[in-house]
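Asks: All chains, please: the whole structure from these sequences, using the hints.
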Amino acid sequence: MKFPIRPRVVAAACALIACSVVTAAAQQPTLEAFAAGDVVTAQWTVVPGATGYTVDVTGTVNTQINLAASPNFFRVNAPAGTYNIRIRGTAGSVTGPFSNTVTVTVTVGGPGPGGCSQIGGLTASSNTSGGSVQITWTQVPGTLGYRVEFSRFSGSTELTRTLPAGSNSTTQFVGMVGTFYARVVAGNACSTSTSNEVQFRIETLAGPGPRTPDPAPGTVLPLPGYGPAVANAVANAFNEDLQNSCVEHGGNNAWLLRLVNALRQQDTRWGLNWKRGNVGDLSQDIVTYNYGSGADEGTTDVYIIDTIGNHCGSGAASPNWQDQTGATRAGGGIGRWTLQPYLRFFPGGDQQ
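Numbering (the numbering used here), first residue to last: 2 to 353.
Watch out, some of these pointers could steer you wrong.
[Said to hold, decoys possible] Per label pair, the in silico range of CB-to-CB distance:
(1) Val248 <-> Leu344: 12 to 20 Å
(2) Gln341 <-> Gly60: 37 to 45 Å
(3) Gln244 <-> Ala296: 17 to 25 Å
(4) Gly314 <-> Ala255: 33 to 41 Å
(5) Gln200 <-> Thr301: 47 to 55 Å
(6) Ala331 <-> Pro223: 16 to 24 Å
(7) Asn279 <-> Thr59: 54 to 62 Å
(8) Pro165 <-> Pro98: 19 to 27 Å
(9) Leu68 <-> Gly299: 40 to 48 Å
(10) Glu298 <-> Arg76: 37 to 45 Å
(11) Pro218 <-> Asn67: 48 to 56 Å
By construction, these hints were calculated from the structure, which means they are not laboratory data.
Don't be surprised by glycine CBs; every beta carbon is placed ideally from N, CA and C.
Replies: Here you go:
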């Protein structure tokens, strides 16, 4: 059975051109890139709503490359020369603004900054706090840049961060309970060197994480404006889960929990909802946001957001973002914040 895709493409395009409450600044990716030998590595921040990316290269080679929406990095072998790289998100025929331009120089066969000796002596360690991990490493003389690789699995890479020469640490918000792995790759104009692999475990999400500070006494926080774009992006990435999101029809809550995962990368105030405040009765298509200064788990000081259109209907489900807070209270109901089903779904780390 084929599901209509036009509404999701339109919604993604809307996010790219900021035709909702999403700010235009959020649609401009931030690009990082460096060369090690003849290998050019580039990574950029994800653009909410993007269904693909266009890489624009000028300099020794002038070309444009179209990429899928995931992953948000690439590595290519390039001839010696200088390259100016920038990138922008796309959604159908709609294009977002270009990123910053990064210039990299490939000097294959010749010495780069700091000489062209083989690099080595790289070691890494980790330190966790709440839902975040700090990776530290020994600096290597002559290194042009570092790449930190993260994964849920030993020996593999699912997320990378590139950092300039002179760096010796980075902090990454994980936001999941589980065991993870990381290593650091240093590169100069001749070679690369990979550190030992470090294993770390996130035991609790309590503690530091991306979080909006409490509101002033007697006030509440506004509902963040990035929600529609995040919902569209998760729908694009996990459409099969979205179409299988009705538990009554034999589905599961995977898509809803992935959405909470993505929202919590922005703010740990996001969670799920106990329907009508009844603990244990999960709302199948609702997320909540703690707008007050009380503890998250169990609070009723929440915005109540419907996130799935045509949920459990006869046609295709679609991403939605409808504030139901006022309607719920007008009907005499409440929402109650919880993270318990989310933690059960991600017992070993980020399932994305």
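Asks: Check each numbered hint from earlier against the structure, then list the numbers of those it violates in ascending order.
Replies: 2, 3, 4, 5
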